[in-house]
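Visitor: Start from the sequences and build out the full structure, keeping to the hints where you can.
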Amino acid sequence: TDREFMLAAVRNNGWSLMYASDELRGDRDVVFAAVGSHGGALSSATGGLRGDREVVLAAIRQQPDAFMHAAEHLRGDREIVLDAVRENGLALKFAAGALKGDREVALTAVSENGLALEYVSEALRGDRELVLAAVRRSYFVSPLRWAAPAARRDPELQPGRAMANPFAVPGTPALVILVEAPTEAPGGGLEAQVTCASGRAA
Numbered sequence: 001t002d003r004e005f006m007l008a009a010v011r012n013n014g015w016s017l018m019y020a021s022d023e024l025r026g027d028r029d030v031v032f033a034a035v036g037s038h039g040g041a042l043s044s045a046t047g048g049l050r051g052d053r054e055v056v057l058a059a060i061r062q063q064p065d066a067f068m069h070a071a072e073h074l075r076g077d078r079e080i081v082l083d084a085v086r087e088n089g090l091a092l093k094f095a096a097g098a099l100k101g102d103r104e105v106a107l108t109a110v111s112e113n114g115l116a117l118e119y120v121s122e123a124l125r126g127d128r129e130l131v132l133a134a135v136r137r138s139y140f141v142s143p144l145r146w147a148a149p150a151a152r153r154d155p156e157l158q159p160g161r162a163m164a165n166p167f168a169v170p171g172t173p174a175l176v177i178l179v180e181a182p183t184e185a186p187g188g189g190l191e192a193q194v195t196c197a198s199g200r201a202a
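Residue numbers are given in UniProt numbering: position 192 of the sequence shown equals residue 192, and the series is strictly consecutive.
Read the hints as simulated data drawn from the structure, not as lab findings.
Be a bit skeptical, because a hint or two may be false.
Here are the computed distance ranges between Cβ atoms for each label pair [claimed, not checked]:
| hint | residue 1 | residue 2 | range |
| --- | --- | --- | --- |
| 1 | R153 | E23 | 55 to 63 Å |
| 2 | E118 | N13 | 31 to 39 Å |
| 3 | E72 | T183 | 50 to 58 Å |
| 4 | A185 | R103 | 38 to 46 Å |
| 5 | G26 | S121 | 34 to 42 Å |
| 6 | E122 | E79 | 18 to 26 Å |
| 7 | E122 | E72 | 18 to 26 Å |
| 8 | E72 | E23 | 23 to 31 Å |
| 9 | R28 | P155 | 53 to 61 Å |
In this text, a Cβ means the ideal position worked out from N, Cα and C, and glycines have one as well.
Guide: In structure tokens:
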């Protein structure tokens, strides 16, 4: 049958859903199989399935950017937003405004990708721990352009001085240490002053 053919097709390549009939693009089993293959297939779902919590979660877990295709009411669902930003911090862009001002959500996002600071609420852009986390997770472009003016001027938040603790346990908040520019030691070699800039232990 057409349904069996389409199920096989989307399991192989989720994008095949775009060629399905309107009826099959609104078939929950077909759509679920499609987003399991490629989360972006959510863009072709119909029949309210973009607002189906389980379908959207499955899509986000496969492809975090699929969040942009979720129904508006799910963009305000805290669990779904947290799921999305854990996988791709930039998914914060598509979250409801209130969640962009949720400190845990924002910190989770910038800890995954520092450039997510662009989408954090203005009220949190001066949060020192949050800005430090963003700086630590940005390698080629500094997120400080989106920080509050005071944070941008803070010498301890400059990318060259912030360094993540390499001994932190994955998945836990890491200590952030600041390293002064090294100088020549009296007995030879180099020395540098190291201070803790984050009060949260790993």
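Visitor: If a hint holds in the structure, say so; if it does not, say that too.
Guide: Against the structure, the hints come out as follows:
| no. | hint | verdict |
| --- | --- | --- |
| 1 | R153 - E23: 55 to 63 Å | holds, 59 Å |
| 2 | E118 - N13: 31 to 39 Å | holds, 32 Å |
| 3 | E72 - T183: 50 to 58 Å | holds, 55 Å |
| 4 | A185 - R103: 38 to 46 Å | holds, 41 Å |
| 5 | G26 - S121: 34 to 42 Å | holds, 36 Å |
| 6 | E122 - E79: 18 to 26 Å | holds, 25 Å |
| 7 | E122 - E72: 18 to 26 Å | holds, 22 Å |
| 8 | E72 - E23: 23 to 31 Å | holds, 24 Å |
| 9 | R28 - P155: 53 to 61 Å | holds, 55 Å |
In the structure shown, no violation is registered for any of the earlier numbered hints.
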